[in-house]
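Chains as they are written, first to last, in the numbering used here: chain A, 1 to 175; chain B, 1 to 542.
Note that these hints are calculated values from the structure, not bench results.
Treat the hints with caution; some may be incorrect.
[To be verified] Calculated pairs, DSBU-like style, for lysine-lysine (alpha carbon to alpha carbon, straight line, at most 35 Å):
| hint | chain 1 | residue 1 | chain 2 | residue 2 |
| --- | --- | --- | --- | --- |
| 1 | B | Lys383 | B | Lys246 |
| 2 | B | Lys42 | A | Lys152 |
| 3 | B | Lys470 | A | Lys68 |
| 4 | A | Lys17 | B | Lys113 |
| 5 | A | Lys86 | A | Lys124 |
| 6 | B | Lys470 | A | Lys10 |
As the structure is a computational prediction, the values presented were derived from the model and not from experiment.
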Amino acid sequence: MNLKDLLSDKRSSLIKKWRNLLIESYPAGTRRFLKSEKDQFANPVGHVISKDIEILFDEFVHDGDIAKITASLENILRIRAVQDMKPSHALAFVLQFKGLIREELKRGKPLNGLSGELQAFERKIDDLVLLAFDVYTNCRQRLYEIRVREVKEQYGKLLERTGVFYNISEQEPSP
Amino acid sequence: MAETPKPEEIARIDHKAPLWEGWMNRPVDIRPGIYCYAANPKNVEAVGMPNARQWNPVDEDWKLPENWQEIFIEGFKDRLGKFRSLKLFMDICVRCGACADKCHFFIGSGDPKNMPVMRAELLRSVYRKYFTTGGRILGLLAGARGLTDEVLKDIWYYLYQCTECRRCSVFCPYGIDTAEVTILGRELTNLLGLNTDWIQAPVANCYRTGNHLGIQPHAYKDMIDFFVDEIEEVTGVKVEPSFNRKGAEILFITPSGDVFADPGTYTAMGYLILFHYLQDQGLDITWSTYASEGGNFGYFTSHEMAKRLNAKMYAEAKRLGVKWILGGECGHMWRVINQYMDTFNGPADFLEEPVSPITGTKFENAKGTKMVHIVEFTADLIKNNKLKLDPSRNDNLVVTFHDSCNPARGMGFFEEPRYIIKNVCNNFYDMPPSTIREQTFCCGSGAGLNAGEDMELRMRGGLPRANAVKYVHEKYGVNMLACICAIDRAVLPNLMEYWVPEVDVTGVHEMVGNALILDGEKERTTNLRGEPLPGMEEEEDV
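Could you build all of it, start to finish, from the sequences and the hints given here?
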């Protein structure tokens with residue numbers, strides 16, 4: 001059995017554990033709510049974790065669509081980028097995927113014969129971490145841009161309309 | 001906003017969630033991005049509120065008065081005597097948890113102290129210690145804690161993470177209104193000078209000049225004149241609003257956000273077009289450059305301050321000798337008017353019970369305050385076939401409606417805005433039932449939290465609302481979020497930009513202004529934003 005088949009075999013168990021890892025990154029008093037409330041409008045965070053981890057797993061394990069992988073990471077990280085988390089804490093779940101797989105492999109047969117594949121797969125996870133890092137920083141950047149835009153919209157228009165000169169160019173001035 | 005971590009911090013990377021001890025022992029961590037900046041002392045002094053000084057929420061020393069505990073406890077005692085509701089809310093909560101997961105800040109942040117029950121518990125623990133025998137004797141065992149620096153910081157941090165939206169109260173079996181706990185809790189923090197500048201500056205400005213931004217009468221008029229020119233450009237019709245006109249039948253008061261901030265400005269143009277349209281039918285209305293603010297940020301500091309700011313509406317109505325007041329699209333403005341104005345500054349017996357001069361409809365619901373919401377007024381006009389409308393001009397819009405917390409939960413105002421929207425545009429889809437009407441999710445930036453420095457707080461608080469918008473965007477292609485609140489119009493565009501960038505924000509009367517067919521108008525090719533009307537894209541390209 002190759003690694004991909006093995007991961008497919010353990011799909012539901014791995015997805016469940018990966019979800020739980022994300023949920024455990026929240027305070028104890030919140031975890032039960034995130035897990036048990038199934039309504040997507042009452043519990044958008046839990047819903048996204050549930051839905052997007054599954055998509056992420058399937059697409060990632062089967063070398064699927066990079067756009068879908070990115071979209072899932074975006075859905076998860078856009079939330080974590082505005083919550084009480086250090087960046088390392090927000091992104092840790094991607095790295096922790098390695099540990100989950102190794103744990104799962106240990107349970108069954110030893111790593112014999114799979115180590116090469118496993119190494120390659122773990123390098124792919126490293127790439128996923130870098131992608132997640134890009135996505136996370138994009139979210140943070142968007143937050144800052146929104147803040148700047150808000151100031152410009154609030155005061156720029158006002159100054160312009162009340163006749164005070166105001167012009168902040170979107171582009172660098174030409175020399 | 002988060003700061004760039006230092007190398008030694010990076011070296012201590014921790015992949016695990018912080019250990020959450022019992023909430024009472026956990027010291028508060030006041031984080032940038034979540035709290036609003038402290039009030040500038042001149043804005044505190046301007047209205048004679050206590051302990052004006054420079055201070056910073058992240059500093060160890062908050063420069064409190066020496067006897068601050070005494071002031072807080074005495075203030076608490078005073079309010080427990082004055083407000084029966086507060087006393088009840090302190091006593092009757094059984095911590096059933098029905099409210100726990102209903103708060104948008106809890107849902108979006110995952111921080112247990114944002115559960116409404118916990119937010120109230122922060123204050124309730126102090127109540128137990130100083131006002132109940134059990135708490136006094138048993139202390140922590142009875143859930144009571146003394147008022148220390150740390151406890152005060154904890155209370156302050158979380159009281160200013162509540163938008164007073166009252167969604168939690170809808171689900172409380174005892175009817176506990178945590179918003180009221182926040183309101184009175186904030187009053188106590190204000191006794192110690194713990195104001196935020198985003199609230200206090202509008203309060204000081206409004207007190208001095210009549211509106212939150214401190215815009216003086218001539219500038220206020222200049223802005224409206226600017227709209228008059230814009231309207232003429234779009235419609236070919238010159239509207240002629242009047243200002244401070246004595247003897248007018250109706251005084252119009254709207255939040256200043258409509259006059260000074262996009263996209264509220266387009267809503268203000270909508271009002272102007274509507275008033276012009278009705279002029280020939282007998283509408284006799286004036287704007288005021290003195291009562292130039294419908295909103296009331298005083299309400300986010302204390303009842304007393306809210307009353308002082310609210311008084312200007314009646315004072316101006318009396319000075320001008322109008323019969324009644326028409327109010328613009330706003331949120332908390334209507335909570336103050338509907339629930340407080342009559343007892344704050346009433347009875348307004350120099351005014352008359354409002355009657356629409358166009359339809360003859362008596363607004364009996366406004367018998368006490370003599371102030372009518374423009375959405376009720378316009379819905380009544382449409383119901384009586386008084387408006388010629390071309391909804392196809394809004395055909396580029398697929399609209400959903402955000403029930404603003406205060407008109408929805410504070411006034412039961414559900415049908416009128418939807419009735420107008422359905423008459424002025426052809427594509428309307430409501431969001432799921434558990435996210436609208438009395439269960440509506442807050443924008444996440446109300447009650448004075450719409451500052452820039454707390455952007456993370458705003459984005460997480462608005463997540464449940466944005467999540468429902470995203471759903472109708474994906475399902476029906478919704479591209480416009482309509483609302484009837486000036487704070488919503490100011491903050492929802494940013495919320496959308498973060499969570500659902502394909503959706504824009506409008507006031508209801510902007511769509512009315514676009515759909516209204518004026519006598520003598522030219523063929524319209526653009527809407528009030530200057531964007532081409534559906535089918536007119538080519539004309540605009542030429």
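Here's how the hints hold up against the structure:
no. : hint                   : in the structure
1   : Lys383(B) to Lys246(B) : holds, 31 Å
2   : Lys42(B) to Lys152(A)  : holds, 25 Å
3   : Lys470(B) to Lys68(A)  : holds, 17 Å
4   : Lys17(A) to Lys113(B)  : holds, 27 Å
5   : Lys86(A) to Lys124(A)  : holds, 24 Å
6   : Lys470(B) to Lys10(A)  : holds, 33 Å
Going down the numbered hints, you'll see the structure goes against none, and every one checks out.
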